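These are the residues of each chain, in order.
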Amino acid sequence: METAGAEGGWMLDLRGEVCPLNYLKTRRRLTDLDNGERLEVWLDPGRPVESVARSSKDDGQKIVSIKKEADYYRLVIEKRA
Amino acid sequence: MARFNVTEMKSGGIIKQKQRDAFTVRLRLPGGRVGAEKLPVIARVADEYGQGYVHLSVRQTVEIPYVLYDRLEDCLAELAKAGLSPSSCGPRVRVPIACSGCELNPNGNIETQRMAQEIDRRWFGTPTPHKFKINISGCPIDCMAARRADLGIIGITEPKLDAGLCTGCELCVAKCGDDALTMTEDLPLRDVFKCIGCGDCIHVCPLDALGAGRTGMEVWAGGKWGKRPRAAQRVARWVAEEQLDGVIERTLAWYREHAQGRERLGAIFDREGIAGYQEQVFGSLSADGVELEMPPAGAPVAWKVPPAAPDGASLDLQGGGTMEGRGA
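One line per chain: the protein sequences are A and B, in this order. Residues 14 to 94 (this note's numbering) make up the first sequence, in order. Residues 195 to 522 (this note's numbering) make up the second sequence, in order.
Derived from the structure by calculation, the hints contain no laboratory data. Here the structure is a predicted model, which means the values were calculated and not measured. There's no promise every hint is true.
[Said to hold, decoys possible] Calculated lysine-lysine pairs in the DSBU-like style (CA-CA distance at most 30 angstroms, straight line): (1) Lys369(B) <-> Lys70(A); (2) Lys388(B) <-> Lys80(A); (3) Lys38(A) <-> Lys75(A).
[As the list claims (entries may be wrong)] Short derived list, chain A residues pointing at chain B, Cβ under 10 angstroms: (4) Pro58; (5) Val65; (6) Arg67.
By construction, the Cβ of each residue, glycine as well, lies at the ideal position given by its N, Cα and C atoms.
Bound conformation, chain A alone:
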């Protein structure tokens, strides 16, 4: 599922997606964005949120925020690279 985010950014719901497809989909989505644009990704707890956040950071993206919801995480990434 993909929609325009509330703050003019983009949103990607990757709950239920397995590793490393969640990371690869996040990375592919980010390549379409311009530097400075933001992408909010919804991820399952545990390995999915850990690895997408860590790998995106390693790729040079900025992790803007990470928020815990009841049974998933909302990760906001700002495209930098």
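Put chain B on the given structure of chain A with help from the hints.
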């Protein structure tokens, strides 16, 4: 009759096989690291002097089986030309084993390979009451089984919180396998008694709110494998790399002093306990922040105890750095 370099023979590394006149040559490869240029030499020697194969030993080295007695000297000379020499065996300090450590592994906290080379250079073949094995692991995952070594070294790291960067996502709390972190006033609070210093919380933090406050080593002692395996005991934490040589020197001195004949370090601990050993080896280091897991009787506990908060919980969060507390 073959003539041998006496120093080499004294340290061992040439192992008598059950076959008459056949020996296995065990190489000295500290930390299991061997230059690529040496590999063709090992292969050729195994072909020409052995039976065309090598055996990879338990302790990270290469053994060349079936070298015949009257060819041993030539075999060793061939190896020596490439800078290869036999390992140590018998009642001596053995060649240390080590993982790749922080050089390659994201989990690594210490320079395990550098330590292995240095320990081997300094202590190779040093006589001891019984065999003495040193294992070095870069992190508490402990792939090198430091907790089963006569002297085990494990790299540890202490997380430090930058409260200004923390958004309270709790990834670190979920990641910690030791239940050492709890959310308190939207920030992670660390139980210093539960934290094993693995650094998982640091690695998982996507915002760099958690970083390495300090790194150092845990020292474990008295472990062994064999017929009667014995787990090592944790004897000190936060030993620095430059203190390691003194730790080994004093450990060997204590070992020689207290051994009753041919016995491993752990056997002495079983008889005498570890307090005396800790005092002699690490006592002088406590002023430098080295902590003893089980301090000598009567001495104050060396763990840092956080200040108690008014409501009974132990908190120190606003400083943004200490991140220490003790859970219920």
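Against the structure, the hints come out as follows:
no., hint, in the structure
1, Lys369(B) <-> Lys70(A), "holds, 18 angstroms"
2, Lys388(B) <-> Lys80(A), "holds, 26 angstroms"
3, Lys38(A) <-> Lys75(A), "holds, 17 angstroms"
4, Pro58, "holds, 6 angstroms"
5, Val65, "holds, 9 angstroms"
6, Arg67, "holds, 6 angstroms"
Figure legend: structure checked against the earlier numbered hints; every hint is met.
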